[in-house]
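Taking the hints into account, I'd like the entire structure generated from these sequences.
Here is what each chain is made of, one letter per residue.
Protein chains: 2
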Amino acid sequence: MKKGIVLLSGGMDSSTCLAIAKQDCDEVACLHLNYGQRTEERELKSFNLICDYYKIEKKLIVDVSYLSQIGGSSLTDYNIDIENPNLKSKEIPNTYVPFRNANILAIATSWAEVINFNRIYIGAVEEDSAGYPDCTIEFYKAFEKAIDLGTKPNTKIEIITPLIELKKDNIVIKGLELKVPFELTWSCYQNNEKACGKCDSCFRRLRGFRLAGINDLIEYE
Amino acid sequence: MKKGIVLLSGGMDSSTCLAIAKQDCDEVACLHLNYGQRTEERELKSFNLICDYYKIEKKLIVDVSYLSQIGGSSLTDYNIDIENPNLKSKEIPNTYVPFRNANILAIATSWAEVINFNRIYIGAVEEDSAGYPDCTIEFYKAFEKAIDLGTKPNTKIEIITPLIELKKDNIVIKGLELKVPFELTWSCYQNNEKACGKCDSCFRRLRGFRLAGINDLIEYE
Chain A
1 MKKGIVLLSG GMDSSTCLAI AKQDCDEVAC LHLNYGQRTE ERELKSFNLI CDYYKIEKKL
61 IVDVSYLSQI GGSSLTDYNI DIENPNLKSK EIPNTYVPFR NANILAIATS WAEVINFNRI
121 YIGAVEEDSA GYPDCTIEFY KAFEKAIDLG TKPNTKIEII TPLIELKKDN IVIKGLELKV
181 PFELTWSCYQ NNEKACGKCD SCFRRLRGFR LAGINDLIEY E
Chain B
1 MKKGIVLLSG GMDSSTCLAI AKQDCDEVAC LHLNYGQRTE ERELKSFNLI CDYYKIEKKL
61 IVDVSYLSQI GGSSLTDYNI DIENPNLKSK EIPNTYVPFR NANILAIATS WAEVINFNRI
121 YIGAVEEDSA GYPDCTIEFY KAFEKAIDLG TKPNTKIEII TPLIELKKDN IVIKGLELKV
181 PFELTWSCYQ NNEKACGKCD SCFRRLRGFR LAGINDLIEY E
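In order, the protein sequence lines correspond to chains A and B.
Every letter in the first sequence is one number past the one before it in this note's numbering, and letter 153, counting from 1, is 153.
Every letter in the second sequence is one number past the one before it in this note's numbering, and letter 161, counting from 1, is 161.
Hints are computed from structural coordinates only; laboratory data are not their basis.
Take the hints with a grain of salt, since some may be wrong.
Copies of the same chain look alike in the list, so a pair counts if it fits in one copy or across any two.
[Stated by the list, open to error] Cut-off 30 Å, straight-line C-alpha distance, at most; resulting in silico cross-link-like pairs (DSSO-like, lysine-lysine):
#1 LYS55 - LYS22
#2 LYS141 - LYS194
#3 LYS152 - LYS167
#4 LYS2 - LYS194
#5 LYS145 - LYS2
#6 LYS145 - LYS198
#7 LYS198 - LYS152
#8 LYS145 - LYS167
#9 LYS152 - LYS179
Given the structure is predicted, the values throughout are model-derived calculations rather than measurements.
Laid out in structure tokens, this is it:
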């Protein structure tokens, strides 16, 4: 039996990842994290709407506001302005939340071990992920090894990254094929009502839709 | 400069680990986790007393009560009775909190990356850790690799496990050499006032003191 936990932020990538997990698995559960990010409320709304759409029964919403306590990112420290996108820069943008994905994967693994699930789906995108170090194939492989060694001997959990090698426009096309309700998703880092259209995440989303030749149906300022 | 974050539960192992870190490092910070365990309040009290004793200025106390939400352990799910110690059993005791140490290390790494610390000290004890899979050298090595790949290129963080190969009685002796205030520490899984003397953790502590020929000064029921 394939049983998958999907890390579902409520954005377009994780929602596409959920659609893929629904195809692959016998059972799917969804995990969402509130970490004091600026758009926490809006992302949670999208999470719940998308879970309803896919009739997900096992949901876990976890408070990891310690990531705000720790700070170090413009997503969680409101004293740091969110950087505008700069695709040519080799610098990691200040939206990077240090080692966030490891925190998320550790939580997902704990949950998977308790409910006997054997897959964790994460919609990370290497090339289009703004250079975040915890979004690379090598990192996920290393973390999978840590899971293998750090859980009970009969626990086997695989990390699945179905989007890791795609570009944003490929994800739009893939999502549409799978009938992902993109109109329910939220990507903006900045706003909770209408997307700003300017932050790194909006910029990458809009470019993806444009290159795919598809209209993005969410509202922008 | 050696800068170490010590994972300080308030128990005898992590307190000895702190004493070692104080010797090794130019600066020491302490991290404590509340995870809805039965003795949360008592452990936090010990954490604060020990930090005062060692004049620690950088402290971080993090709420990870999602580990209780997830459950699966007698430490966090009060419907499961805490197993009595059985040193001959090959089974992992039900006090195992699934993948807990990975969650803790992920948090410590996020913090270390933000405050520019380059070491994480964890007082894990392989042989005496009741078979928890996330207390082995192999697991820590694998996690260190994940840290290396999942943080910024210039971030270098080492996981230090100075007690990993010791037995409890060696830790008592080592701690006394280093003047660790064992009377301020707390090990019991069950009680908040007087230690129960019966749970796995009390049992291992008492045996350690007995084998070392030292009196344990905390109160037992």
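Checklist entry - When the hints from earlier in the document are held up against this structure, which numbers fail? => result 2, 4, 6, 9
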